[in-house]
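Asker: Chain by chain, the residues:
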Amino acid sequence: MSNPQQLRYTKEHEWLSAAEDGVATVGITEYAANALGDVVYAQLPEVGGTVTEGETCGELESTKSVSDLYSPVSGEVVEANQDVVDDPSLVNSAPFEGGWLFKVRISAEPTDVLSAEDYAAFTHSDN
Amino acid sequence: MSTAPRLTALDALHRALGATMTDFAGWDMPLRYGSERDEHNAVRTRAGLFDLSHMGEITVTGPEAVKVLDYALVGNISTVGVGRARYTHICRADGGIVDDLIVYRLGEDEFMVVANASNAQVVLDAVTERAAGFDAEVRDDRDAYALIAVQGPESPGILKSVTDADLDGLKYYAGLPGTVAGVPALIARTGYTGEDGFELFVAPEHAVRLWEALTEAGAGVGLVPAGLSCRDTLRLEAGMPLYGHELSTSLTPFDAGLGRVVKFEKEGDFVGRAALEAAAERAAANPPRKLVGLIAEGRRVPRAGFPVVSGGEVIGEVTSGAPSPTLGRPIAMAYVDAAHAAPGTSGVGVDIRGTHEAYEVVALPFYKRQK
Numbered sequence: 001m002s003n004p005q006q007l008r009y010t011k012e013h014e015w016l017s018a019a020e021d022g023v024a025t026v027g028i029t030e031y032a033a034n035a036l037g038d039v040v041y042a043q044l045p046e047v048g049g050t051v052t053e054g055e056t057c058g059e060l061e062s063t064k065s066v067s068d069l070y071s072p073v074s075g076e077v078v079e080a081n082q083d084v085v086d087d088p089s090l091v092n093s094a095p096f097e098g099g100w101l102f103k104v105r106i107s108a109e110p111t112d113v114l115s116a117e118d119y120a121a122f123t124h125s126d127n
Numbered sequence: 128m129s130t131a132p133r134l135t136a137l138d139a140l141h142r143a144l145g146a147t148m149t150d151f152a153g154w155d156m157p158l159r160y161g162s163e164r165d166e167h168n169a170v171r172t173r174a175g176l177f178d179l180s181h182m183g184e185i186t187v188t189g190p191e192a193v194k195v196l197d198y199a200l201v202g203n204i205s206t207v208g209v210g211r212a213r214y215t216h217i218c219r220a221d222g223g224i225v226d227d228l229i230v231y232r233l234g235e236d237e238f239m240v241v242a243n244a245s246n247a248q249v250v251l252d253a254v255t256e257r258a259a260g261f262d263a264e265v266r267d268d269r270d271a272y273a274l275i276a277v278q279g280p281e282s283p284g285i286l287k288s289v290t291d292a293d294l295d296g297l298k299y300y301a302g303l304p305g306t307v308a309g310v311p312a313l314i315a316r317t318g319y320t321g322e323d324g325f326e327l328f329v330a331p332e333h334a335v336r337l338w339e340a341l342t343e344a345g346a347g348v349g350l351v352p353a354g355l356s357c358r359d360t361l362r363l364e365a366g367m368p369l370y371g372h373e374l375s376t377s378l379t380p381f382d383a384g385l386g387r388v389v390k391f392e393k394e395g396d397f398v399g400r401a402a403l404e405a406a407a408e409r410a411a412a413n414p415p416r417k418l419v420g421l422i423a424e425g426r427r428v429p430r431a432g433f434p435v436v437s438g439g440e441v442i443g444e445v446t447s448g449a450p451s452p453t454l455g456r457p458i459a460m461a462y463v464d465a466a467h468a469a470p471g472t473s474g475v476g477v478d479i480r481g482t483h484e485a486y487e488v489v490a491l492p493f494y495k496r497q498k
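Protein chains in written order, with my numbering: chain A, 1 to 127; chain B, 128 to 498.
Hints are supplied without guarantee of correctness; some may be wrong.
Chain B regions said to be covered by chain A (calculated; three or more residues, Cβ under 8 angstroms) [as the list claims (entries may be wrong)]:
1) 269 to 277
2) 416 to 428
Sample of chain A residues lacking proximity to chain B, with all beta carbon distances greater than 10 angstroms (derived) [to be verified]:
3) G58
4) Q82
5) A121
Hints listed in this document are in silico derivations from the structure and should not be mistaken for laboratory results. Think of the CB as a built atom: it goes at the ideal place given N, C-alpha and C, for glycine as much as any other residue.
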């Protein structure tokens, strides 16, 4: 699997896009989606609420388990992906595209994110 | 403890198929090959191929083999005909369930007992100990068999194309020796999915050949390899108990709603008889918690150990839960107080990480195939 070069990553397996007009998109990686199995339920942070880097802001439930969703960055949630709420399998089928989870107006630059290359090395060592 | 997991004879095949592997009872087993939901639906509508080589086979032979099993287990094994199989339990002296088993009568004096992988050693030890003084031999045959299951509505047609055995004459819960894809196999019409299907016990050195032949035979009708993950959702929909979830040493068969497997009418003593007679009386006088089905009104999934609640009170506990691919909603099995066990009982919920989610109480199973 390939991790898009332009994204940044966390050790909790979220990805974060570059901010456009201060707003960045968050999702989980293909690696994480594969590890979870079929995602059947997504609880996403509420629009208008705030998220804090490294803290839980939702949950993803798969056939076998439930996983906390951590925010890779701090800021205000401006959009949650209703398509994923309606059809959580998008997280599996298109984790870097239609399966994005929420958009956040960044209040501070993230401090604990990895490049695509470093994330690839991390997940390799994680195996 | 860091013992290397055991590998089945099909291990290289699973890896070549891209399976996600998982440790299960000390074995490295395929969890899923792709989407577990697709595998589940394939078994319900077409067919799935499972490697179940982790199951524990124990052979009991000899003139008093049947007496050993009548004494060691709670079922009436002497009434099982040659070529038939029986679901039963092995209990402790205090009535607690050690494991649930399938016993195949292969000959007048030859039986194969199939135990769950996680309990195979404890069952082997118990049967061996209980056979003392009888004219019979208990043999550990865990390494003698690989086990491949083909399950689903297309499975009879698939198997027919690779065997001359009389499958039409093979009833549900029966087994006979035969040849499949050129290799000797014990062919059993059993399974754990709620579908028609077969379990094929073969020598490990023949497992790859059998798997490949079945894969080829099923290619045209949509047979897919299927992992343990979908096996669990299939058995849950079919309302079948799983040891460690619905069954445990802290429950007697009467507490588990399976008192019918205990046969007091059989001749002679058996391990657990006195305790089980007391448990039967207790259950009759004061109904224990009942195993029921729960169907979610929402989408959050109940998991084993979550409290079942009503009016702010805990009235039971979830034993197994998963999103049901067939129903399209989360489902669970749970033990609940008898007062709340009737199908349609209102006001029942499951405490999912602090939130009480509404659930409908239903009779098991959730899914029954059309015959």
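Asker: Taking each numbered hint in turn, which are not upheld by the structure, reported in ascending numerical order?
Answerer: 1
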